[in-house]
Every structure is written in structure tokens, then in C-alpha cells.
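Engineer: Sequence:
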Amino acid sequence: MLTKVGRSCGSKIEKLIIDGLFAQEENKDRAAVVLLEPFRLFTEVTSLTLSYEYLCDDVLEAFVSYGQLEQLRIYVEDVSRLDRLTSESWQVLRDECPNLEVHFVLRNVFHHLKFKRIMLHGIPLVSLDWEFKKDLSDSDWDDQDVCLCMKYTAIHFHSTIRHITLTVEFCFFELRLVFLEIVKRCLKIETVSLNVPYDLCFKRILACGTLWACIEQPRTRLRELNYNGVNIHLVGSKMHMSIKRLIEITTVSNLSAQLCVFILGNGFFEHNHYLPSH
1 MLTKVGRSCG SKIEKLIIDG LFAQEENKDR AAVVLLEPFR LFTEVTSLTL SYEYLCDDVL
61 EAFVSYGQLE QLRIYVEDVS RLDRLTSESW QVLRDECPNL EVHFVLRNVF HHLKFKRIML
121 HGIPLVSLDW EFKKDLSDSD WDDQDVCLCM KYTAIHFHST IRHITLTVEF CFFELRLVFL
181 EIVKRCLKIE TVSLNVPYDL CFKRILACGT LWACIEQPRT RLRELNYNGV NIHLVGSKMH
241 MSIKRLIEIT TVSNLSAQLC VFILGNGFFE HNHYLPSH
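In UniProt numbering, the protein residues as written are 1 to 278.
Rather than coming from a laboratory, the hints here were simulated on the basis of the structure.
One should not assume that every hint holds.
Cross-link-like lysine-lysine pairs, in silico, DSBU-like; alpha carbons within 30 Å at most [what the hints assert, rightly or not]:
#: 1; residue 1: 15; residue 2: 188
#: 2; residue 1: 188; residue 2: 151
#: 3; residue 1: 203; residue 2: 151
#: 4; residue 1: 114; residue 2: 188
#: 5; residue 1: 188; residue 2: 133
#: 6; residue 1: 203; residue 2: 116
#: 7; residue 1: 188; residue 2: 116
#: 8; residue 1: 133; residue 2: 184
#: 9; residue 1: 151; residue 2: 133
#: 10; residue 1: 116; residue 2: 133
#: 11; residue 1: 114; residue 2: 151
#: 12; residue 1: 133; residue 2: 114
#: 13; residue 1: 184; residue 2: 151
#: 14; residue 1: 203; residue 2: 184
#: 15; residue 1: 114; residue 2: 4
#: 16; residue 1: 188; residue 2: 203
#: 17; residue 1: 15; residue 2: 4
Estimated spans, in silico, between C-beta atoms of each pair [stated by the list, open to error]:
#: 18; residue 1: 116; residue 2: 221; range: 31 to 41 Å
#: 19; residue 1: 170; residue 2: 40; range: 43 to 53 Å
#: 20; residue 1: 172; residue 2: 4; range: 18 to 28 Å
#: 21; residue 1: 58; residue 2: 4; range: 19 to 29 Å
#: 22; residue 1: 7; residue 2: 172; range: 30 to 40 Å
#: 23; residue 1: 7; residue 2: 230; range: 41 to 51 Å
#: 24; residue 1: 148; residue 2: 4; range: 37 to 47 Å
#: 25; residue 1: 95; residue 2: 14; range: 47 to 57 Å
#: 26; residue 1: 11; residue 2: 155; range: 11 to 21 Å
#: 27; residue 1: 174; residue 2: 77; range: 22 to 32 Å
#: 28; residue 1: 61; residue 2: 224; range: 31 to 41 Å
Keep in mind the model is a prediction, meaning the values are calculated, not measured.
Glycine included, C-beta positions come from ideal geometry on N, C-alpha and C.
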């Protein structure tokens with residue numbers, strides 16, 4: 001089907017969505033091979049959406065051949081193989097397509113080691129939408145995996161990432177610390193969205209901590225902090241002004257202690273299960 005369309009009007013198509021096209025017709029191990037030849041017929045494509053199963057080094061090389069791909073959206077779900085892509089191929093594609101922006105949507109990717117094999121160095125990652133669920137069948141898994149993955153993102157994609165959406169089945173104190181690290185490291189970040197079981201205490205500490213990080217990192221571009229689909233207004237809020245004044249009169253060495261005093265003094269904790277353990 002894709003070959004037929006490519007031969008008919010491939011040179012006129014700029015936006016192409018082929019996610020799931022061969023899912024029922026081809027074995028997953030052959031998906032990338034099936035895609036490779038027909039894709040060469042689409043010479044003007046600037047926007048492409050496809051499944052991770054269709055990617056391999058040869059497919060990325062085909063993208064390089066045209067050098068005009070600008071938007072690449074990749075859906076990852078129940079990945080069977082992680083050995084078909086290399087950081088080198090991503091780096092070549094990035095160099096040849098300087099305007100390329102990559103968007104990843106991850107589902108059913110639980111373990112931090114698998115996450116790292118997918119999110120390779122060299123990807124010009126602009127947005128990450130990740131739904132993280134507990135994997136009780138994996139003996140090596142624990143609830144810190146999500147923190148390890150987010151820290152990895154903050155370290156390796158700090159110069160490109162602009163939007164992060166994270167959906168998890170639980171919330172814990174360390175998750176807030178990860179978001180603060182993202183704000184401090186990823187200076188291009190514009191939107192951070194978190195979907196978790198609703199908890200007013202966690203929402204308040206997340207908002208307070210994020211504001212604190214924004215004020216400490218004046219170069220940040222963060223404009224939206226969304227909690228379960230609702231925007232938490234940060235800049236210009238009463239809490240924003242209070243924290244800003246607190247920082248102005250507090251020594252750097254005493255910032256963390258003063259933040260705890262500020263949070264407790266404003267009734268942000270109704271329970272103590274988000275306080276850091278010692």
C-alpha cells in the first residue's frame with residue numbers, strides 16, 4: 001500500500017503518518033525492512049509519524065538522504081528489539097537535518113535500562129510523553145526507575161528538551177526533586193505536565209519547589225506547570241512573590257532550611273509522607 005501511494009504521489013506529500021500500517025501484515029522483526037524501500041519514494045516529507053518498530057540505522061540513513069525532515073514523532077510500545085539503532089546514526093541525522101525536532105511517546109516502557117537503550121545520545125529530543133506504570137513482573141524494577149529515567153533525560157537532553165509529560169500511578173518525594181533538576185538543567189524547557197493520583201499536599205510541594213527552582217535559575221523558559229491537566233499559575237502568584245522575597249533575604253547555605261520553614265509555615269503539608277527521609 002505504501003509503495004503504491006509513494007509511486008503515485010510520493011513527491012508531493014510533506015506530512016506522512018505510517019504508525020501501525022504494517023502491524024497486522026508483517027512480523028515486527030521485519031517492520032523496518034518493509035518500510036525502507038517505499039519510504040525512499042517520499043522525497044518531500046518534512047513531517048513523519050511512525051512506530052519505533054519501523055526504525056533502524058538504515059531507515060535513519062534514508063532520512064538523511066533527503067536532509068529536510070523537520071518533525072519526527074515516534075511511538076514506542078511493547079518494544080521487541082533494541083539493537084537496531086545507534087547513537088551514531090542519530091547524530092548523523094541530526095547534523096544533516098539541522099531543523100529536525102523529535103517527539104517521543106512512550107508506553108509500556110518500565111525499566112530504566114530499556115529507557116536508556118531507546119533514548120540514545122544524539123537524538124534532538126524536543127518533547128517526551130511518557131506513561132510509566134509499575135512492572136511487578138520485573139524483579140529488578142522499583143519505584144526509583146522513573147527518577148533514574150528523568151535524571152537521564154535532564155542530563156543528556158538538557159539542550160533540546162522543551163516539553164515533558166509524565167504519567168505515573170504513584171507520587172513520592174523524590175519525584176519532586178527530579179522535576180526541580182529538570183528545571184535547573186533544561187534551560188529550554190517550556191512545559192512540564194504531571195499526571196498522578198490527586199494529592200493536594202503533593203501538588204502544593206511540587207508548585208512551591210518548582211517556583212523555587214525557577215527563581216534560582218533565572219535563565220529558565222518554563223511557563224507552564226500542569227498537574228492532572230490543570231495549569232498551576234506560577235509567575236506572579238502570591239507564592240511566587242513570597243519565595244522571591246525569602247530568597248532575597250536568605251543566604252545560599254540556608255536556602256533549603258528556609259524553604260522547609262516556608263512550606264510548613266504555609267500549611268503545605270497535611271501529612272508527613274512527602275518529607276525527605278534521613
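Engineer: A separate judgement is required for each hint: does it hold in the structure or not?
Structural biologist: Structure-based check of each hint:
no.: 1; hint: 15 / 188; result: holds (26 Å)
no.: 2; hint: 188 / 151; result: holds (16 Å)
no.: 3; hint: 203 / 151; result: holds (20 Å)
no.: 4; hint: 114 / 188; result: holds (26 Å)
no.: 5; hint: 188 / 133; result: holds (27 Å)
no.: 6; hint: 203 / 116; result: holds (28 Å)
no.: 7; hint: 188 / 116; result: holds (21 Å)
no.: 8; hint: 133 / 184; result: holds (26 Å)
no.: 9; hint: 151 / 133; result: holds (18 Å)
no.: 10; hint: 116 / 133; result: holds (17 Å)
no.: 11; hint: 114 / 151; result: holds (15 Å)
no.: 12; hint: 133 / 114; result: holds (14 Å)
no.: 13; hint: 184 / 151; result: holds (12 Å)
no.: 14; hint: 203 / 184; result: holds (19 Å)
no.: 15; hint: 114 / 4; result: violated (36 Å)
no.: 16; hint: 188 / 203; result: holds (23 Å)
no.: 17; hint: 15 / 4; result: holds (16 Å)
no.: 18; hint: 116 / 221: 31 to 41 Å; result: violated (26 Å)
no.: 19; hint: 170 / 40: 43 to 53 Å; result: holds (45 Å)
no.: 20; hint: 172 / 4: 18 to 28 Å; result: violated (51 Å)
no.: 21; hint: 58 / 4: 19 to 29 Å; result: holds (22 Å)
no.: 22; hint: 7 / 172: 30 to 40 Å; result: violated (54 Å)
no.: 23; hint: 7 / 230: 41 to 51 Å; result: holds (48 Å)
no.: 24; hint: 148 / 4: 37 to 47 Å; result: holds (45 Å)
no.: 25; hint: 95 / 14: 47 to 57 Å; result: violated (22 Å)
no.: 26; hint: 11 / 155: 11 to 21 Å; result: violated (41 Å)
no.: 27; hint: 174 / 77: 22 to 32 Å; result: holds (26 Å)
no.: 28; hint: 61 / 224: 31 to 41 Å; result: holds (37 Å)
Comparing the model with each numbered hint stated earlier shows that hints 15, 18, 20, 22, 25, 26 do not hold.
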